[in-house]
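Going down the list, the sequences are from chains C and Y.
The first sequence maps to residues 1 to 121 in full-length UniProt numbering.
The second sequence maps to residues 1 to 202 in full-length UniProt numbering.
Quick caveat, the hints were computed from the structure, so don't treat them as lab data.
Treat the hints loosely; a few may be bogus.
To be verified - Calculated lysine-lysine pairs in the DSS-like style (CA-CA distance at most 30 Å, straight line):
{"no.": "1", "chain 1": "C", "residue 1": "K21", "chain 2": "C", "residue 2": "K40"}
{"no.": "2", "chain 1": "Y", "residue 1": "K133", "chain 2": "C", "residue 2": "K5"}
{"no.": "3", "chain 1": "Y", "residue 1": "K200", "chain 2": "C", "residue 2": "K113"}
{"no.": "4", "chain 1": "Y", "residue 1": "K200", "chain 2": "C", "residue 2": "K98"}
{"no.": "5", "chain 1": "Y", "residue 1": "K173", "chain 2": "C", "residue 2": "K42"}
{"no.": "6", "chain 1": "Y", "residue 1": "K133", "chain 2": "C", "residue 2": "K74"}
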Amino acid sequence: MSQKKALIVDDSTVTRLMIRKIISENQPNWEILEAESADKAKSILPDHPDIDLFSLDQNMPGTISGLDLAEILKSNYPNSKIVLVTANIQDAIKNRAKDLGIDFVEKPVTPEKIIPMLEKI
Amino acid sequence: MNYLTELERDSLCELFNISLGGAAKLMSEMISDEILLTVPSLKLITEAEAKNFENLANKDVCTVEQKFVGDIGNGSAFLLFHKSASLEIVKMMMKDYVALNEVSQFEKDALSEIGNIILNAILSNLAKMSNYKIETQIPEFFSGKYEELLLNRNPNTNEDNSILLVFIDYQLKGKEIKGYIFFILNFDSIKNLSRVLIEKLK
């Protein structure tokens, strides 16, 4: 089995660090990439056609949001798992995530919220 | 002078108390500790009163500002801690993730994220209860003297009495740490918001 790969997209260094630690303690062999904005994430996608898990923040500096990026990912990575990890817990955001068919995790991140996402991959 | 009726004031307190309950839960999740909410925990104060606020006047503070726009009006929400408490909070939040001697490197980022989570939770709850749409922007971190932060952040300082601050404070169990949440909104928006629950009860 090939090595799994995750991309964490969040403008908060602390949250990226927490998600990275939770993933790497649970899945030590995974390769973990990070991006501090959706724009940055979008720009590195061509180099990584093989990402299995995307963890996306919603509100970040730049031109596109986490949900905007998710829309792009849905067509480019049809078999990957996409999770929106956000502090913006308004129904409008939850509903858009639901319509896109992606998972929704309310910040703050904890192992209890992240690990079940890993087990399904 | 702008004022709210007793019923409007009560309804506004209830809106914020409900929203704050969710925010307290999140904060305790983040720092693995129980948050004690002081009830009644909300005051409407004028800008002048806010500037002279007993526990904060002349103090060094850290604050996270979350600007918002939408049906509720345009405004700012602030989460504010005494500078001396901020590192303690970050330690509690980061203790499972980094070594203790590395914690200070993450102070700004960690407090920004706490502010982001808490203020968004409150605003999301307000949006839900009022059926108003609220868009939040990226949170910004500031540190310095309380009065300067408050003055510098208030976009409408020339409009006398047009700004009210909704004040909430909460306390961490067993620690001498207090946090404060301020909302700066113009009076009409506050008045509209206060009528939301009243309308629902009719």
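Consistency of the hints with the structure:
The suggested pairing of K21 (chain C) with K40 (chain C) holds, with an alpha-carbon distance near 21 Å, which does not exceed 30 Å. Only pairs whose Cα atoms come within 30 Å are accepted, and K133 (chain Y) paired with K5 (chain C) is rejected, the gap being roughly 36 Å. Between K200 (chain Y) and K113 (chain C) the CA atoms are separated by roughly 34 Å; this puts the pair beyond 30 Å, and the hint is violated. Straight-line distance between C-alpha atoms of K200 (chain Y) and K98 (chain C) comes to about 28 Å, which keeps the hinted pair within the 30 Å bound.
A hinted pair counts as satisfied when its Cα atoms are at most 30 Å apart, and K173 (chain Y) with K42 (chain C) does not qualify at roughly 43 Å. Taking the CA atoms of K133 (chain Y) and K74 (chain C), the gap is about 27 Å. The hint holds against a cut of 30 Å.
In summary, the numbered hints that this structure violates are 2, 3 and 5.
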